[in-house]
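Undergrad: Chains A and B are the protein sequences, given in the same order. Taking the numbering used here, I'd label the letters of the first sequence as residues 6 to 393. Taking the numbering used here, I'd label the letters of the second sequence as residues 322 to 543.
Keep in mind that the hints were calculated from the coordinates and are not lab data. Where hints are given, some of them may not hold.
Restraint ranges, calculated between C-beta atoms of paired labels, are given here [what the hints assert, rightly or not]:
id: 1; chain 1: B; residue 1: P434; chain 2: A; residue 2: K135; range: 19 to 29 Å
id: 2; chain 1: A; residue 1: A329; chain 2: B; residue 2: A436; range: 35 to 45 Å
id: 3; chain 1: B; residue 1: T453; chain 2: A; residue 2: D27; range: 15 to 25 Å
id: 4; chain 1: B; residue 1: D435; chain 2: A; residue 2: K135; range: 23 to 33 Å
All C-beta atoms in this analysis are idealised placements derived from N, C-alpha and C, irrespective of residue type, glycine included.
Chain by chain, the residues:
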Amino acid sequence: MIRFDGAGKRHPDGTIAVEGLDLDVPTGRITVLVGPSGCGKTTLLRMVNRMVEPTSGRVLLDGTDVAELEPAKLRRGIGYVIQQAGLFPHRKVIDNIATVPYLLGWDRKKARARAAELLELVGLAPETGKRYPFQLSGGQQQRVGVARALAADPPVLLMDEPFSAVDPVVRAGLQDELLRLQSELHKTVLFVTHDIEEAVRLGDQVVVLRGQGRIAQLADPHTLLTAPADDDVAAFLGRDRGLRGLGLRAASAVTVRPVDDGLRYGGWELALDDERRPIGWIDRDAVAAELHPAAGYRPDTDTLRTALDAAVLSPAGVAVALDADGRATGTASREAVLTALAAPGGATGGTDSETDGETDGATGGATGDEPDSTDRATGQTGGATGGR
Amino acid sequence: MDDEPIVRWYWIGDHLGYLGNLLADHAVIALLPVLFGLLLAVPLGLACARFPRLYQPLAAVFNIVYALPAVAVFMLLIPYTGLATQATVMIPLTFYALAVLLPTIVDGLRAVPDAVRQAATAMGYGPWHRLTAVELPSALPYLIAGLRVAAVSSISLASVGALVGRGGLGYLFMDGFQRTFPTPIVAGIVLIAALAVAVDLALVGARRLLAPWAVREKGAGR
Numbered sequence: 006m007i008r009f010d011g012a013g014k015r016h017p018d019g020t021i022a023v024e025g026l027d028l029d030v031p032t033g034r035i036t037v038l039v040g041p042s043g044c045g046k047t048t049l050l051r052m053v054n055r056m057v058e059p060t061s062g063r064v065l066l067d068g069t070d071v072a073e074l075e076p077a078k079l080r081r082g083i084g085y086v087i088q089q090a091g092l093f094p095h096r097k098v099i100d101n102i103a104t105v106p107y108l109l110g111w112d113r114k115k116a117r118a119r120a121a122e123l124l125e126l127v128g129l130a131p132e133t134g135k136r137y138p139f140q141l142s143g144g145q146q147q148r149v150g151v152a153r154a155l156a157a158d159p160p161v162l163l164m165d166e167p168f169s170a171v172d173p174v175v176r177a178g179l180q181d182e183l184l185r186l187q188s189e190l191h192k193t194v195l196f197v198t199h200d201i202e203e204a205v206r207l208g209d210q211v212v213v214l215r216g217q218g219r220i221a222q223l224a225d226p227h228t229l230l231t232a233p234a235d236d237d238v239a240a241f242l243g244r245d246r247g248l249r250g251l252g253l254r255a256a257s258a259v260t261v262r263p264v265d266d267g268l269r270y271g272g273w274e275l276a277l278d279d280e281r282r283p284i285g286w287i288d289r290d291a292v293a294a295e296l297h298p299a300a301g302y303r304p305d306t307d308t309l310r311t312a313l314d315a316a317v318l319s320p321a322g323v324a325v326a327l328d329a330d331g332r333a334t335g336t337a338s339r340e341a342v343l344t345a346l347a348a349p350g351g352a353t354g355g356t357d358s359e360t361d362g363e364t365d366g367a368t369g370g371a372t373g374d375e376p377d378s379t380d381r382a383t384g385q386t387g388g389a390t391g392g393r
Numbered sequence: 322m323d324d325e326p327i328v329r330w331y332w333i334g335d336h337l338g339y340l341g342n343l344l345a346d347h348a349v350i351a352l353l354p355v356l357f358g359l360l361l362a363v364p365l366g367l368a369c370a371r372f373p374r375l376y377q378p379l380a381a382v383f384n385i386v387y388a389l390p391a392v393a394v395f396m397l398l399i400p401y402t403g404l405a406t407q408a409t410v411m412i413p414l415t416f417y418a419l420a421v422l423l424p425t426i427v428d429g430l431r432a433v434p435d436a437v438r439q440a441a442t443a444m445g446y447g448p449w450h451r452l453t454a455v456e457l458p459s460a461l462p463y464l465i466a467g468l469r470v471a472a473v474s475s476i477s478l479a480s481v482g483a484l485v486g487r488g489g490l491g492y493l494f495m496d497g498f499q500r501t502f503p504t505p506i507v508a509g510i511v512l513i514a515a516l517a518v519a520v521d522l523a524l525v526g527a528r529r530l531l532a533p534w535a536v537r538e539k540g541a542g543r
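All chains, please: the whole structure from these sequences, using the hints.
TA: What follows is the structure in structure tokens.
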């Protein structure tokens, strides 16, 4: 565990970067520090590996004051990932990844074998190892950066806006990758970002900071989205926080009507192929038979947000529940999805009504015949966040 | 004299061995100082990167040295190093090379991206280790660019050494001038240019070999 014990940083010119912070970063979990630029989040992160020395208070790593540890040794036991990756331009990818093992004095063969393992772990092809960093895309460079941080299997990982410099699609992929890695590796991760979406997506615990490293709120993502501590936090979370909160709840909460109980909803009927895969919705009143795309979701892996999104996108207002092979197991109407939304999802009663209010507003716009373009836009983000 | 042609080929044919000796002498006189300059510039450059306050005064000193006319420095050195010795010519050339190399090394070290420096620190490199293992290799393209300038200018400057009796190919210019016989002058110019081109190409090759990752600077991609 990392413990900030009244840790503060005052610059020589008298400006205060961090006033004095108490915070526990639990072992094996992802803790995200999020806040506007200048809130002191990077300063806090760097106190852990002594790249910044606190001017007051202490930072404890598993009970030991880091100030008592030799900086170079301390750092070799802490993974560090930064925004521009910071790969060494003159070293091949494989040797970049093996940096810390080399520093620890491993022999070359062993260090490279370890680096090759990590290359695979972060989803890069083995031949990538022979390239130089400049030959990689931004997203690939970040993957190498993560692999390098993990090379000596440090229990603690510090990540300073690691995915901020890549485009949104790549970023979503890297976030998924980090969550996948974390589910295998269980590192103690301290992650800094200015992007609340990212914070909510990755964090087991999210620390919202305001100026000078003061904690505005410390909560799990669901609580944060549904019960912000004050108006400032609510404003920082953004207007669609209710909707985004659905991205944290499992789609399994929706009651599904089994396929055998019928596929007709009003004037619409869902057409399936022989394998029970959805082909599309047919408007039974239309003169010419025309197929309208059927949006689906996976009750076992997707979130409520994806289920709602599928229902909103469907011309019949009905989401199709799919199994792992893409076969329809049943259908869920908007009403069924909304019923699931209204059920308490671990939040307090007072905030639940708030969530419902915003969700209603979002679906309201889509009750017409065609989902409008804003709904499509939300739909796409919903799809992208579906992995959680 | 008026009907003296620019080049008398038979003279060149008769003096091939002599020209070869002068060329070898010239290469040693011109290039050893660049090597010495490099050996001094690397530690000085690293020290300047580690302690930035060193750089300004050092740069000022070497700029002044660079501004001194070579001939004047040769004359000053003769009482100590003697006439027609290699040292008389090579000591000033070493300082000229140093004056070119020091700023390029310091610039190269400063051009290392901050992210690279921070990543190295965060992974557990101490300040000196980081300088030598990460920043210096990253600065290699700059270093080689500096070497190219230093080597070519040293090859050109070395001919002035002929005035104090040790100038390699520069001797051909004095000889041709005193005898109003242009052939040695032309031969000297051609050989000096050829030496400069050969050394420059060798350095470009060294860069390709030692810093294959630096091709991006020319936008060549892979």
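Undergrad: Among all the numbered hints in the text so far, which are the ones the structure does not match?
TA: Structure breaks hint 3 only.
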